[in-house]
Amino acid sequence: MSTHFKRILYGGDYNPNQWPKDIWQGDMRIFKDAHINTATINVFSWAKIQPSEHEYNFDELDEIVDMLSKENYDIVFATSTAALPGWMVRKYPEVMFTDYEGRQHKFGGRHNACPNSFVFKHYARELAYKLAERYADNPHVTCWHVSNEYGNECFCENCQKAFRVWLKDKYKTIDALNRAWNMEFWGHTVYDWDDVVPPNALSDGIGSEKTAFAGISIDYRRFYSDSQLACFKMERDAIRSVKPDAFVTTNLMGTFKGLDYFKWAKEMDVVSWDNYPSYDTPWSSIAMTHDLMRGLKDEPFMLMEQTPSQQNWQKYNSLKRPGQMRAQSYQTLAHGADTIQFFQLRRSVGGCEKFHGAVIAHAGSENTRVFREVAQLGAELESFGDRTLGSRNEAEVGLIFDWDNYWALEYTSGPSEDLKYVDQIHQYYQYFYKKNIGVDMIPVDADFSKYKIVVAPVLYMVKDGMKEALENFVKNGGILITTFMSGIVGQSDNVYLGGYPGPLREMAGVWVEEIDALAPEQKNKAKFADGSTAACGLLCDLMHLEGAKALASYEEDFYAGMPAASKNTYGKGTTYYIATRFEEEGLAKILDQAVQEAGVSSVIPEETGLEVVTRVSDTTRFYFVMNFTDEEQILPESLTGKKDMISQKMTEHGMKLKKWDVLLLEEHL
Amino acid sequence: MSTHFKRILYGGDYNPNQWPKDIWQGDMRIFKDAHINTATINVFSWAKIQPSEHEYNFDELDEIVDMLSKENYDIVFATSTAALPGWMVRKYPEVMFTDYEGRQHKFGGRHNACPNSFVFKHYARELAYKLAERYADNPHVTCWHVSNEYGNECFCENCQKAFRVWLKDKYKTIDALNRAWNMEFWGHTVYDWDDVVPPNALSDGIGSEKTAFAGISIDYRRFYSDSQLACFKMERDAIRSVKPDAFVTTNLMGTFKGLDYFKWAKEMDVVSWDNYPSYDTPWSSIAMTHDLMRGLKDEPFMLMEQTPSQQNWQKYNSLKRPGQMRAQSYQTLAHGADTIQFFQLRRSVGGCEKFHGAVIAHAGSENTRVFREVAQLGAELESFGDRTLGSRNEAEVGLIFDWDNYWALEYTSGPSEDLKYVDQIHQYYQYFYKKNIGVDMIPVDADFSKYKIVVAPVLYMVKDGMKEALENFVKNGGILITTFMSGIVGQSDNVYLGGYPGPLREMAGVWVEEIDALAPEQKNKAKFADGSTAACGLLCDLMHLEGAKALASYEEDFYAGMPAASKNTYGKGTTYYIATRFEEEGLAKILDQAVQEAGVSSVIPEETGLEVVTRVSDTTRFYFVMNFTDEEQILPESLTGKKDMISQKMTEHGMKLKKWDVLLLEEHL
Amino acid sequence: MSTHFKRILYGGDYNPNQWPKDIWQGDMRIFKDAHINTATINVFSWAKIQPSEHEYNFDELDEIVDMLSKENYDIVFATSTAALPGWMVRKYPEVMFTDYEGRQHKFGGRHNACPNSFVFKHYARELAYKLAERYADNPHVTCWHVSNEYGNECFCENCQKAFRVWLKDKYKTIDALNRAWNMEFWGHTVYDWDDVVPPNALSDGIGSEKTAFAGISIDYRRFYSDSQLACFKMERDAIRSVKPDAFVTTNLMGTFKGLDYFKWAKEMDVVSWDNYPSYDTPWSSIAMTHDLMRGLKDEPFMLMEQTPSQQNWQKYNSLKRPGQMRAQSYQTLAHGADTIQFFQLRRSVGGCEKFHGAVIAHAGSENTRVFREVAQLGAELESFGDRTLGSRNEAEVGLIFDWDNYWALEYTSGPSEDLKYVDQIHQYYQYFYKKNIGVDMIPVDADFSKYKIVVAPVLYMVKDGMKEALENFVKNGGILITTFMSGIVGQSDNVYLGGYPGPLREMAGVWVEEIDALAPEQKNKAKFADGSTAACGLLCDLMHLEGAKALASYEEDFYAGMPAASKNTYGKGTTYYIATRFEEEGLAKILDQAVQEAGVSSVIPEETGLEVVTRVSDTTRFYFVMNFTDEEQILPESLTGKKDMISQKMTEHGMKLKKWDVLLLEEHL
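Chains as they are written, first to last, in my numbering: chain F, 1 to 669; chain D, 1 to 669; chain U, 1 to 669.
The hints are simulated quantities; they were obtained by calculation from the structure and are not laboratory data.
Be careful, since some hints might not be right.
A pair counts as met if it fits within one copy or between any two copies, since identical chains are not told apart.
To be verified - Here are the simulated DSSO-like pairs of lysine-lysine, each with C-alpha atoms no more than 30 Å apart in a straight line: (1) 525 <-> 659; (2) 91 <-> 106; (3) 434 <-> 523; (4) 70 <-> 243; (5) 170 <-> 21; (6) 434 <-> 649.
If we strip away everything but chain F, and leave its shape as in the complex, we get:
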């Protein structure tokens, strides 16, 4: 157990620069009431701290840093490079991104830089360097925060040139590139690196989601993720050139599609992320995303942003109910967070985020429900002495998430436009969530041997080495669960010939001959050995057993009787292959079997509507117990007689938890 932080950071984005100075001291007083101990500053101040090409002005920033230092804040120091200053756009218009439609943008918005603009990079690096020079030795500067929510898209001339160089580095020869992208198709052969153009609406894009050549589009995403990562690394390295042990992050966005976060995490000292569920996002989905963010480095993470109450940019920006923010925060800690930070500490007076919730509302006082809830949580977090800090989450189940696969699957033209990667992953995650079985979200190159079960839904793209790694895992006794639309293509999106699921075929012991697509109004049913049936749809593999044993068979249509799910013994282990999208009950029937076979255990022996998650420190196992259901839940017997770190009381037999209620139970090891 280790962590960079000395306490649970509790606070968030703070932009005093947007306010008159006479308000600052009042803010300090109010924040103290809420036990706030951290502020993320300088997120969007480039225009202020560098008001022209050759002029820097840190006076105000100095004052802010002094004030926060005096108050003993942990300062999360942003580099401010996520929105271009006006003078730069005026003099160097090419710093602005060019969109998917091929239109270079003018001054406006944020996240607006082309990551391959030399001018942008020059000045971004210089700014990061100057900030580090000035502030990195301040002991209150706990963490550096580069830019903000990386994630735009650019298709400009500079990106085009950089893409060609990236491709040349990767493929070495034009021939190799033509082969990788199967450019003989539609006579798309390129003869020269200069024939390659970024895949957008003016070239190979089909609508805004599809593409004529997935190979090109996937490589562009890889290139672009790398391009933005290069910007991150450049600023990080500028800071480290001044302060070699600077601790550097940037805030990620969960299942955001644009960037390969597993690759990014390797370059980050800690993962931080922004959690903005909608009013109707399932709690299992939030939990999954936390686990994914934890999984990026397999370490505790920072919750860099959440709203104390309300969003502004969703369709319907529901208030968080009393207790909801608190319960959501404990869920965040439960899944591995070492910080709870808000966007933002004081609500903006103007601009498009002025209806985004904040610790201090427009009313300007501590006399609000939302503030009181923030203060209560702050007091609680302070009270249990940061004991959970750095503690680890444990899991016997690994669920593969892979950005290459995400891109490839969703670029695919056919068989069904309703097939969405995150939805499929979430359905599997949800099963374990409801059982309170811990899950690690893992990359394709994870050490599978740590897990009893590895789940790989819609593992469409099987890259080099994965076949061997998965086979080794199963051979040595592991249980692999995979599904329809797996094992189809290699890393360049070319099909594995010879029969689906290609490299997974041997270990799954099945051959998928055809894949039927069902329209939303169409369903099939599958029958299990126990005679029960379950609805299924979306896609139905028509498969043949090659050593595997059927677990369920289709009941309808011309493929009635064919297996809808199977298991296959392979070495000392087993591969489950689930051939269709089952609805919840059917899927549970299959996964129950795998869980039983693997001897995977839930956090507690009882079934319950409560979410129960554990973290473990060197001395203690922490049980986070939360009720996200609408009904009162009785505390499971196995959790009675334990001390709740929040209330300092012992749990009792028959104790009830209302909606949003939380317990944090300790168990000494």
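Start from chain F and add chains D and U according to the hints.
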């Protein structure tokens, strides 16, 4: 009572230039059968009357004017500048507008000029001048009609430059501009007027409806409305330079969002507008729009366009049912019109409006249902001697409509994307409409003292001076009704800090702590003192009484028990604050109370399904009585024994009005 | 009876160039098992066979041709010009098309050439010439296939210039053009050919479907169809310059809107087309499209492409059920095909069509359901000796389909946006389809005298000569069935003045005074002489009989009692005018009457759920009998005692056909 017109103008757009001359005399004969006495000419003839840069040709126009003069028509003379001639676009492509996507358009369409194009303005001015020179002394030229349906959008380089100048005039310093737009947010500070770019899809626009900086976007709308208004004034002044007492208008479009019509009306001699409801537009909505058009100058208006029967550009272009056009026309007169004009007198042979209804159909004769209905109405209007001309509408209720507020509210990101300005206004109007209570649609700078009740729904933006004006109104005994999403921002879209509803807080006696957004599938309920309940949704303020008295309280969710509507005594008056969007019955319960308290009376004492509206001349009160319901309605007793000016009969006890039936009763004063 | 082919071609697109050579011989063996005898090659190989501006390389193509020749394939030789080679786009970017938004595209996709690019045309011509030079004398080259699925859109500068030239050829003078397009409307007059710009989103387009000036837009479609046709003819003529009797086609796409296929067919030696129904396309719609493709030349056609099982680009790419592909293929033959070809013979390894079905799946073997079905059909087709080849379809009913009308009707603004040309045509076709009455899909300049009934639904545009032709047909005893929205405009989209249905008025004996548009939630009803009623909607003509006799009258709304359908004796014949869109039963009631009056007979006397279609050779009448319903169908008595050419058995009384079952019965003449 005064009016510019000597008779009710009855006629409409007439384009004989699109037809061979041998048809003209036939038209004259047919129109006479319909009692048509006016023609709007020269609306889209620029290409013909100025066939090249230095050549004008008025021969045909002379003939048209002569013919109409001979027939004693009131000529509404358009200046023809709403569609650019081909030669101008060929030589000066910059005269064409540049759209929201930043694309300069090519020759095509109409309403296609950039209002900041010097070339366009030069030639438009010259044309207006030449037309005035030639025709303004003709006594039959009753009215000038500048351009047509102003309303495009342009984001070109010329507009950009003009915007910067407009801003400099308004803000004087860059600092003031940065403060007004809160440019510290997202580091958007500008250093130079040249850093400002129009807010469109390539800069600060978010989708086509939203914006990163409402301050910029609202100012751009103000600027653009002013730019087009400058074009109007330029042509108007060119005409007046020849004929100082020329009577000048342009046709407006009801609740069209793009232009601040209250500002425009100040420059117009009379308001005219085009009324094109859809098959499913509520009659209350049409009535409201008439009242808005009357309210622009608080004077009678011209109904410049309506279709005798069918539209062409709607999804489903339903025929007007027999009697519908007549009833709609009387409704128009009832709400303040002094003219009834059609688009158009003869239906086009080609072009995209060829399926738009007209007085003379493609059949070319007077032998059509539609013509007969036009002729009947013409005879009626002629028969009662224009007695209603110039008579005034009276109202004890003023309903605020404000374009700045319209823009600001709908640019807002959050709390709900379903919040639409005109819908909210209409719900309040509809209550009074159903009670036959007269309403004036008023600007924010109206003289409130004329009204017993002022209604200000979703008064999101409270500009300088409004707080004082509304407070004075209430202090002196007025009743103000306002709602959720009021008092939030000032004129630059920055929030009033200190607690909602900001400047309205004291007079409303409430503090709104939070605003919940409900998705369409979500509802709350409110309970009234009498124990009844009413559904509500969309937005729910969570408010605290600060002197006000609750009228209803939420029944559900965590804010059950908090007030959902309140009233507050302030000085001699009262402020009602309605904290959520009630469905019809709930809203009526509150408004009934306000109406009773204010002593506002309906036009007649009885409740009825009929629409009953009055206009008053020096000697007579006119009752317009119309049945827009599907059921027969019995004439209310208070309207019996009065003379119907149309049939010249006395109304009798128990008399029934079928759908579309109309009475126009006179009552001598 | 005549046909170019010596056997039913059975095979399809084959791209060995996309595969390593070691696979080729295996393919040959597998295809032989499926009785495949034809391959379409070189469809997208330009990049390979012309790797630079001045270099051709036919080595691999030689090998492919040699291999197929050795195996005695009928080679369908594509010219490969449907996708531009990279080197050409790099050097001459103007070869790429410019889209409706005015954006010139970059290298990417296919169907990407501007048809008015001189560079493209130069090299396309040269390529076709060189291919012909090298391969046209090969006796196995049965057919040339120019380009592929013509159909993009281009609005570039070169197209603009060519459009102006095309217009000058057509109209001679600017005055004539201004009159044709009614340019006086909205003052749109052009003074010079250079004032004309292509109608797209930047000029006269309104959204993506409508236009301010239908006259311009229709002419642009004509011009563009001609431009692409010129490319086809250019390549065809290059081939013929080498091999005068070369047999040349290109693959069409059914009711594809962009090209006037009747005009194209005149230039093609045989029509070929690609049939890709969706999972929910009605079988009557597929049948109609086959009949349209046959009707283009009134000759048997090639089915150039269908999928053996699955599509990839539809929303839900359902598998073809066992027997479905076979039944669909027999339906294709029944309606006039002389070939059955698949896209494609081997499924792609990469690119956006990799999930498109093929004869050889990714599994790579003949051991698949799909392959077995392909092989079974191949064996069957081979077995009955190509006896159906060249046989003719016969019909007593002609159904007019006209691309000018298609364009004009759908560009029309009003009366209802739900009015779609193909839907309306299909409703009429479906009636005959369900009765097993043969229908020819005919152009407006067909020889109507061949038919007892001519059906002309929504014959909106009546071009010069059509009035006379239709009148002659009816005068001489023919029965014409026409409908609402007919006879409205002439060939330049200007209205026939004097009363609808203009030129059809006299023969229909009706005058349509008004056209009501009903929203989807609105319906009317019509009552027939027998007292029955039928629902109708969409559009309702309000018409007066001028000699015609009412067949049904509206039941509701203010036009209750007015005729909803009529018949009129004209000369020796009759015109039926159907004034509204009836639902199926109502329409059948009217058409039953016309069929009875005309003495039109079904293929068999019985009513049946089976599709029964005949083709006739010099010696034999073939009955294609297919069950596309979900229920078993009993073979009609009149079809018993006939020999089934497939099974070689005699049909028996009471015989049942299951879903997808097919009989091919012979009857000697």
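Here's how the hints hold up against the structure:
1. 525 <-> 659: between (35 Å within a copy, 22 Å between copies)
2. 91 <-> 106: Both: 12 Å inside a copy, 28 Å across copies.
3. 434 <-> 523: both (25 Å within a copy, 29 Å between copies)
4. 70 <-> 243: This pair counts as within: shortest intra-copy Cα distance 22 Å, inter-copy 75 Å.
5. 170 <-> 21: between (52 Å within a copy, 27 Å between copies)
6. 434 <-> 649: Only inside one copy: residue 434 and residue 649 sit 27 Å apart there, 61 Å across copies, limit 30 Å.
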